[in-house]
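Start from chain A and add chain B according to the hints.
Taken in sequence, the protein lines are chains A and B. Per the numbering used here, residue 1 is the first one in the first sequence, and the count goes up by one each step. Per the numbering used here, residue 1 is the first one in the second sequence, and the count goes up by one each step.
The hints are simulated quantities; they were obtained by calculation from the structure and are not laboratory data. It is possible that part of the hints are untrue.
[Unchecked claim] Coverage of chain A stretches by chain B, computed from C-beta distances (three or more under 8 Å per stretch; other residues unrestricted):
(1) 18-30
(2) 39-45
(3) 48-60
(4) 63-71
Using N, Cα and C, we set each Cβ at its ideal position, and we do this for glycine too.
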Amino acid sequence: MLTCKDVSDVASDYMDGPTTLLQQINFRLHLLMCVHCRRYFQQLKLAAGIAGKYELPAEPSDDETDALISKLNKQKT
Amino acid sequence: MEKQHAQMYQHEDELVEALVGKDNAAFRIAIKQYQPAMLYLAYSFVGNKIADEVVQESWLSAIRALPKFERRSSLKTWLLRIVANEAKTRLRKENRSLSLEAIVSESKALSDRYDDNGQWADSIPQQWDSDTPDELLSVEELKQCMNRHIEALPALQGATLNLREQQGYSLAHICNILEVSESNVRVLLHRARNSLFLCIEHFQKTGECCTN
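So that you can see chain A by itself, here it is in the shape it has in the complex:
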């Protein structure tokens, strides 16, 4: 039987899978019974989701691209 501390130790792992069937059952059973861990796991997923909300930088402009191509060309000669 997992403790609440065990849940926090494996919660991030659980998000990435795959975990064994037994681990999944233990984890899910604990969440079913423990409102605090349920909330913690939901908030951990929310926190991770925030990192996924950041957009990549914009494509480089044509000028920036040309400048880099020029450097790459200088290197080859």
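Using the frame of chain A, we list chain B on its own:
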């Protein structure tokens, strides 16, 4: 124009061949296509001041090394690995830490909240004001706090979080790009995610950012 160029290389192998042949149109396509992800990874490692420089160095290294590219991974993964190596070299030169260090105080902050039996003792998690990332980030102060906090994460934690959550890479790909073991990737993700969790929780409780 770019679309026309993109159609010139329907398969990545063709683009790689053209890059090896030092074709300017191929350079242009590759730079436009891959630079945003490269820049973002460099930024996770070294911050925005020198991320540009790291990426430019990476391109120079990549084009030099391209004839030896064995195509065991995609071109993008290979380029990101070069960025990670350039960034690590840069950090080492500046004597900045690259260890798998935790943010010790924060890891401790979570483990201190359980009693001897491993049950929640003090400060059990409380309900937050929002239950989606978009809602949370709609609060400008929290958004700025998150920007600062993510930027301040230890280099490998920030890079791992970026590759997993933002770029959606599998753990196996992250191992390949960062040259760390899968168990270390899991540790880095655990620490980074919990660090963000604690920071948001702190903001929810106090209205203040955890990162000074």
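How the hints compare with the structure:
For the segment 18-30 of chain A, the assignment as covered by chain B is violated, since 0 residues bring a beta-carbon within under 8 Å of that chain's beta-carbons and 3 are needed. Residues of the segment 39-45 of chain A lying with their CB closer than 8 Å to a CB of chain B number 5, which satisfies the three-residue condition for coverage. For the segment 48-60 of chain A, the proposed coverage by chain B is satisfied: 12 residues have a C-beta within less than 8 Å of a C-beta in that chain, meeting the threshold of three. For the segment 63-71 of chain A, the stated coverage by chain B is satisfied: 4 residues place a CB nearer than 8 Å to a CB of that chain, which reaches the threshold of 3.
In terms of the numbered hints stated before, the structure departs from hint 1 and from no other.
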